[in-house]
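Student: Letter by letter, the chains look like this.
There are 2 protein chains.
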Amino acid sequence: MEKMVYFFGEGKAEGNQKLKDLLGGKGANLAEMTNLGLAVPPGFTITTEVCTFYYQGKNSYPPGLDVEVDRAMKRLESIMGRRFADRENPLLVSVRSGARVSMPGMMDTILNLGLNDETVEGLARQAKDPRFAYDAYRRFIQMYAEVVMGVSSHHFESLLDQAKRRQGVESDAELKVEELKKLVAEYKSSVQRESGKAFPVEPGAQLWGAIGAVFGSWGSARAASYRRIHKIPEDWGTAVNVQTMVFGNMGDDCATGVAFTRDPSTGERKFFGEFLPNAQGEDVVAGIRTPMPINQESATPGNQLATMEQLFPDTYAELVRLYQLLEKHYKDMQDIEFTVQQKKLFLLQTRTGKRTPSAAVRIAVDMVNENLITKDIAISRVTPTQIEQLLHPRLDPRVEKKVVTKGLPASPGAASGEVVFSSEEAENYRKAGKAAVLVRHETSPEDITGMDAAQGVLTALGGMTSHAAVVARGMGKPCVAGCGAISIDYKKQLFTVNGVTVRKGETLTIDGSTGEVILGFVPTINSQVDQYFTEFMRWVDEKRGLGIRANAETPNDVKVARQFGAEGVGLCRTEHMFFEESRITAVREMILAETRERRETALNKIFPMQKDDFLAIFREMRGYPVTIRLLDPPLHEFLPKTEAELLELARLENTSVEAIAAKVKSLHEFNPMLGHRGCRLGVSYPEIYEMQVRAIMEAAGELIRDEDFQIEPEIMVPFIGALEEFQLLKADITKVCDQVLNKLQLKFTYRIGTMIEIPRAALIAESLAKEAEFFSFGTNDLTQMTLGLSRDDAGSFLPRYLEKGIYRQDPFVSLDQEGVGELIRIACERGRRGNGSLKIGICGEQGGDTSTIEFCHRLGFNYVSCSPFRVPVARLAAAQAALKSSSLN
Amino acid sequence: MEKMVYFFGEGKAEGNQKLKDLLGGKGANLAEMTNLGLAVPPGFTITTEVCTFYYQGKNSYPPGLDVEVDRAMKRLESIMGRRFADRENPLLVSVRSGARVSMPGMMDTILNLGLNDETVEGLARQAKDPRFAYDAYRRFIQMYAEVVMGVSSHHFESLLDQAKRRQGVESDAELKVEELKKLVAEYKSSVQRESGKAFPVEPGAQLWGAIGAVFGSWGSARAASYRRIHKIPEDWGTAVNVQTMVFGNMGDDCATGVAFTRDPSTGERKFFGEFLPNAQGEDVVAGIRTPMPINQESATPGNQLATMEQLFPDTYAELVRLYQLLEKHYKDMQDIEFTVQQKKLFLLQTRTGKRTPSAAVRIAVDMVNENLITKDIAISRVTPTQIEQLLHPRLDPRVEKKVVTKGLPASPGAASGEVVFSSEEAENYRKAGKAAVLVRHETSPEDITGMDAAQGVLTALGGMTSHAAVVARGMGKPCVAGCGAISIDYKKQLFTVNGVTVRKGETLTIDGSTGEVILGFVPTINSQVDQYFTEFMRWVDEKRGLGIRANAETPNDVKVARQFGAEGVGLCRTEHMFFEESRITAVREMILAETRERRETALNKIFPMQKDDFLAIFREMRGYPVTIRLLDPPLHEFLPKTEAELLELARLENTSVEAIAAKVKSLHEFNPMLGHRGCRLGVSYPEIYEMQVRAIMEAAGELIRDEDFQIEPEIMVPFIGALEEFQLLKADITKVCDQVLNKLQLKFTYRIGTMIEIPRAALIAESLAKEAEFFSFGTNDLTQMTLGLSRDDAGSFLPRYLEKGIYRQDPFVSLDQEGVGELIRIACERGRRGNGSLKIGICGEQGGDTSTIEFCHRLGFNYVSCSPFRVPVARLAAAQAALKSSSLN
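Read top to bottom, the protein sequences are chains A and B. The first sequence begins at 2 in my numbering and counts up one residue at a time. The second sequence begins at 2 in my numbering and counts up one residue at a time.
Read the hints as simulated data drawn from the structure, not as lab findings. All values derive from a computational prediction rather than experimental measurement. Some clues are possibly wrong.
Because identical chains cannot be distinguished in the list, a pair is counted as satisfied if it fits within a single copy or across any two copies.
[Claimed, not checked] Below are the DSS-like pairs computed for lysine-lysine, each with C-alpha atoms no more than 25 Å apart in a straight line:
| no. | residue 1 | residue 2 |
| --- | --- | --- |
| 1 | Lys664 | Lys492 |
| 2 | Lys664 | Lys642 |
| 3 | Lys376 | Lys329 |
| 4 | Lys432 | Lys664 |
| 5 | Lys432 | Lys560 |
| 6 | Lys731 | Lys59 |
| 7 | Lys642 | Lys666 |
| 8 | Lys19 | Lys329 |
| 9 | Lys493 | Lys666 |
| 10 | Lys805 | Lys736 |
| 11 | Lys59 | Lys744 |
| 12 | Lys376 | Lys332 |
| 13 | Lys435 | Lys666 |
Assemble the whole structure, with the sequences as input and the hints as a guide.
Tutor: As structure tokens, this is what we get:
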């Protein structure tokens, strides 16, 4: 370590913006701002390398650090004309953390460091305001005691309350200096009592204590938790910034504030901020006093508060000059902290400002149009998550909410409706044109139509990857899952939660983005897809190489997908079409059939409906490819579960309940995930796949013949594990296709491909690819098998696995690149070796996940397919992946 | 195809033994024997390439075949001084199939070809025996009509019966020539009537019809079935052998027979065979007449029949000279077919003789000691399957048996089962999981699957070389043949024997080593291992590189494994110890415990029992390594299923049935195979693994300390899927190990390794191997996950998959080398990259499978682990794998 301390002040700094890794975001910014000639209080930064050394070397500092710090302190003293620990003219400093990326609230800050019983008197004399000095002193003691010595702030707060009661005053500001002096003494006794140590009087000791506390706080539980959530490596470390104190609370000609160079809510190009006269920065951030707008544009309508522009016109003008300078320099919207000390403006900090999703899009688009940034940079400035949030309705934040409990935020968006407890009831509501929220213990495939009919879904069981969650996300429907606090009584048609009883028909609101369950109706604000969004997505589409398709099977979903920009259907799950009430009977008849003939009779009933499905889907996706997966789930999924349903089916089928129950029993499987499903059904009952293929081909053929469509149907065989299996089924499918082409007297191209969802398929990809025209990675099943992890059962240990860091992410949400991804890599490599023109896509849940999309881009996939609502997210993620890889090349 | 026909005759042949692939086993042998100067009737072989051409090219012959056949026929005529189709001195030929490997009874044979109404008169004149000539003619018509024209033999048999009745005679031989002439006419009318075609009179047409029939029979269902069972590729094809007829039935100075150069039952070095005077070869094989011994050594004790040595002393002496020559030449036990025509000996065929498993071992050992073959060849001469059969149990001699009769001891071993009278029924029994003994007059090739399904076979007719005997020996299935005392009534589904009636479904026991037929069930004991076996296995162990361990957990199994030569325990499944009645209660208490404390209380009860288990196992395996797998199955496997058990548990646990039922329900999993099991339990409930590790270490430690054992316990963590998972558990395990070492004041080595049974573990093997000291492939689970195939549920489609050839073998029996094996290959490569000294083994079911063992050998595994009973089989397979790979290098 050559240099551990970087000085900034007097218009120049040893560091600059580029040294962000070394100096942290804040330190690099302070250096940069100093170099820019902005009025930054001088100070110095202790590098992140010292932090790393501190953690690697058992909490000790590198040799020579003390000498460098001393030298920097001397320089500060010389610039400010004050001396640290001087009883006449004391230098006071702040000590702050600063990691590479902003970790708001995570790291501790200490202000007014350098005060003790002697220097406080010097400060009082300098400021000509003993009250200010002692207020600063008592604040410093509290902050230092809390952060460095671990004394809980409530001790100080209760002493402060006692003092105010003694004096009969309401606010801190009304306390007299004598009272403050007494408080200081009481604070120090409290420190001694609670920590067993005296409060350090020597400013040098205070300084090193504070530096140690900043480094220590990097290892704190809450910082570690933040890093885990935001995937920040442990070894980045934090820097320590020591900076001369300036005071916004030295009197009425002082102030402190926070401003954004553009409106962080809307993105509008206007200077926007808040300030507080005679206050320290923490007062603004902490929200204890209501801040005032810096200008008229920042004022909420009807707000009568004076603005900074009015109260400090000259200082405000200087601030405007500075913000324009800053935005030009940083080429992004800035979040500025400033202090006015006796009318003189100091910039304490500038950083990239946080913004709402729609502001992010608008700022990106505006800045391109202002020639501030390129389109590539604009694309990288908006996160896929922001796009996702942008497209879901949100609860109006201005309305008060009665939150009764919180579950998992399983599918984003918010919805209100009357509570119903069955899918049937939800459908009745839809038919009646009423909004319903479906409340279930958990959902099953039979609930799909009910979920579709409801505005939102609330379940007591299940995690982020439960059936309800997955299906709801697929539908773009809000869902709160795993809400263990609710106790449902289906019989009485009610649920109780934290002492409240909610009956069928009562109105409930759920927020699938936060997991909140709210009593009554809460209005929502719809996302606006405005001209900025449209423009932005146009640039995104220009940039990306990956195709984006949707997983969709209902004509409505397909339409939505198309509206969201999907360039085809990547996965049309034909079995979902089987659950509709009008069809399930024929499907069950087919399953119960004991002979091929009877099975074919039932299939003949399903055929026209299936054909209609495909006609509708082809119409909605006109001009784009549609990949249709043949029947996949085990047959028992279609059979009834309840006594009443069994009775009904027995009546319809003119057979006994016992016979049907026996069939249900005979189809029972111990591990249905690994059982008689997918193409195994096609091998066992060729007539099922034949019916489906015929429906696909006739639908396509008739549109081609009669309506001049151009369709090349993509027929996808699920659950292939062996070459011979695919060859056998391909021969069957080809036969039917040729029959249809013959019958229609047509010639058009169709493609036969396979899902890669069984590990063995990935391993034999080379020979499979010689037969298959496309691969689509079914990463849901591939993950289950590669990890030996049943999605339906993982709930009992997955949370623990995530918590202990065994899995870094839920592998059903974001592809496990090391394991499953390795199989995919192998399959791509071998598949392309077998067939140079193989089309490759992904159609599992993870297909809409950002890092998965980047992974697919790197492997040269042709497309990713995701739920319709995630299509715009996927488009952006694909563009960003393209940007990232081109920047790597 | 350069040459399609290979001639042999006059002491030299165009082919030789090395052209077995081209000429088939029989054709190559005939060529070789001709070259050796043995008295082989001249003839020629049409190559297997013609057969392949025939099947690839839609049943047509390659151009030019007719010319080559004609040329060979001319040469035969010239050698024999007879002419084909000549009415004076006609040449007759046999037409036989001959594939690369012997497929007894599978392919059709036609004798006496060339006879018609004119040539038969010539034959009569030549043989000076019109009766012989017409008998040959009527046999030829029947055989040809049946094989070539598809006319069922029963038509001819009933005509023959009528003729015998007409004449009032008992045997065919008593029929006069006039009657035979009439029969010939009747036979031909019958052919015309049944087939709609005239019997071909032109010998050339007969020849081509017969050749076509041989090729056609390659594609017959029964041949295909035999190939499937014996894994013979379809494209090998069969050759056709056309050979001059010699007659064993031209009078009393003629004979035909079959002999083995050593006793095929015991392996004893004695010339052994059967013959029939005045008969054709088929009479011996078909088992219709009871044959006579060729010498005293071949006679069953008490047998009064004359021997060939007595009846044909000179010819017998010549036969002895030839057999010695043959065995020296082929260096293996030979199965010889011979015919004596007017006292002149002709060899029709020699081939490697089928033998019982114990004969195989003895012959191999004897031949090494006779300096005929090397030890390596001896090792390769015994199949692992034979070793397995050798160790099959035999009847307990101490148990009293109700022997009702005795037949020929046709295939050794003993079996009990319910009597069935058809192959179909035997298959039904197998499907129902019940043991059957198949009782038939005689067996035919169609019975092969039924014989395979039955535990043993009993026939009323046929000798030691009958179809039933040969096939049963090949299968290692007990068989009693030629049991003339039993009288079967297929219609009534019963047989009577010595006044006893035995009906279908009654239990019967047969002893194929003694020929005894016993009423009721007789317990069996393990076979005795003789000095030949011991010597042989000593050579085997010298040869092999792979270690052989056993999967065992009870002290008794471990003991048996050790006796069978296991060099350690490769998989000790600790959960099996939990199911014992005395323990299950404590295990359930542990599962029901709601707190860690209560769980630990229950675990403390299990601990001493678990420790005793390990003490016993270590003792039984003294001097060899023991790999102990920590708890693997999901906890719900240990919970009660029935109402009564629930009640009992509730009583024991002093809780409600509802509470336990709720727990059972909460532990329910949709796909338990992929659920909360294996090391996931170790992560969730660290105290379970801690108890197990403590038990292992204390048991090992006490034996080391108190009894001077040398043990290095191998602790195996199941179901690892992530590096972090293993690291976490390894840290836990190490902690407990260190505690125990500390407590016992000892230092000894222990190893911590992992199962590789989740595909992801194979993919991350490099990083895993840096942490793990050994890998053991759990191929049961690895197969389930890699193939997406639940072993418990595969029954509904696996048979169809095998039948359709989608899977070539049951992947749970023999490792799927292409898929699962590829993952294993990847894991080995990566694992060794991560850890050069990594120990690698396999402990799945497939660990005892021959081709799996060869695969493991090729990948350089340290050991395979299999069930105790398969240990000797695995030892041989490992030695053969070593031989095979050294021959490849």
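Student: Enumerate the violated hints, using their earlier numbering and listing them in ascending order.
Tutor: 11
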